[in-house]
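Visitor: Okay, here's what each chain looks like letter by letter:
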Amino acid sequence: MTKIRLATIWFAGCAGCHMSFLDMDEWLFELTKHVDIVFSPALADPKEYPDNVDVCLIEGAIGNEEHLELIQEIRQKTKIVASLGDCAVTSNVSGLRNKYGSAEPVLERTYFELADLQPQLPYDKEGVLPKLLDRVYPIHEVVPVDLFIPGCPPEADRIIAAIEPLLQNQQPVMAGRKMIKFG
Amino acid sequence: MSVKTLTINGELISARAGDTILQAAKDNGIYIPTLCHLEGLSDIGACRMCMVEVEGINKLLSACVTEVAEGMVVATNTEKLKEYRRMNMELIFAEGNHTCAVCVANSNCELQDTAVAVGMEHTRFSYRFPDRGVDLSHPQFGIDRNRCILCTRCVRVCDEIEGAHVWDIANRGEEAEIVSGLNQPWGEVDACTACGKCVNACPTGAISYKGSSVAVMQRDRGRIPFLAAAREKQQWTR
Ligand code: SF4
Ligand code: SF4
Ligand code: SF4
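These protein sequences, in sequence, are chains A and B.
Everything in the first sequence is counted per the numbering used here, starting at 1 for the first residue and increasing by one.
Everything in the second sequence is counted per the numbering used here, starting at 1 for the first residue and increasing by one.
Please note that the accuracy of each hint is not assured.
[Stated by the list, open to error] Subject to a maximum C-alpha distance of 25 Å in a straight line, what follows is the list of computed BS3-like cross-link-like pairs (lysine-lysine):
hint, chain 1, residue 1, chain 2, residue 2
1, A, K131, A, K99
2, B, K82, A, K99
3, B, K59, B, K4
4, B, K26, B, K233
5, B, K80, B, K59
6, A, K178, B, K82
Just so you know, these hints were derived from the structure itself, not from any lab.
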């Protein structure tokens, strides 16, 4: 049996969803029987997103220019794109700044008002850090998403219940409190 | 007491004349989701979650404000209703700012529960991210309008049960918001008796006890129905 090519990616999020992923504990051994992890900030770290990925779990919202570019590439190269966690599904805490209408007030506060030494923007030097977008987007507002796994973070059991059917080429049933409660 | 016989989801049931479809359904163990309805308060059909189909009427009716009638044929859970309810729920979420992860009501929220009940695992509408205010001027309670769904349960409980009428809705459309007194800070409204009824009535994390942190807000959900039953039916104990 050919193994499923699994990727995970971490955009504007706190790593909590990846923590929860690792929290699947011994089920990770079960998982590795069925999948090759081909790209993941937590488990495998090639610099380029590979071709022909079967499933990509996405933590975090689209918050900067790099995310915006990479998500397009991911969508093109991936069969099933899954939003993992509230930031990916709703923009959640990452999107709290959206009510200001632009990234400016947040940058101003963080890098000038609260700066002790050398107030300056982190991307004064072009190309070092990607620029923040003026609005943080849930993944499905940018590219089509095939599966939504809400939760902040989604508990390990919920992640297992969501991806186990995928290993059998089936669509999981995302319904009921255990599977879809936000927060 | 006159009785009406009607059908809900194919089941023949009888209800008291004057009862709403919602009441009749509830008495017969049929679940219809609601948000703005609270036992003991008047019904206004604001949230549209309880929409049902009634044979011979080509628009959807709110079960909480539609009286039962003899021979009525009601459906509460058709595919069409399920889709509309979910869409309604998505619009409610997209309209305000619901960041459950950092909300006082997380895991104790009727809005969140109802979202689960209608199967909403994401919102297809773009979030509006409105910039609404937070008012912490009251010594005991606070209101975060970002989480308000304009159900007016606070307005009605304060007016109908407490008799203080602190709350109202100001403005229209997307500008609509709950205001206290004459659009004053809550803490400056002399009419407020600090009874806490609005705190117990609010289905979301909008009105809360001051000092509540994430997911710790607990309400006494039975208190308002109890007070109403005490007044109307002289039932003095719970
Ligand atoms: S009010 Fe309810 S739905 Fe809104 S953020 Fe709080 S817990 Fe979530
Ligand atoms: S605490 Fe009581 S009197 Fe004050 S606003 Fe709430 S319901 Fe009205
Ligand atoms: S503050 Fe609470 S009770 Fe009042 S309208 Fe908003 S959600 Fe409803």
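Visitor: Taking the earlier hints as the rules, which of them does this structure contradict?
Guide: 2
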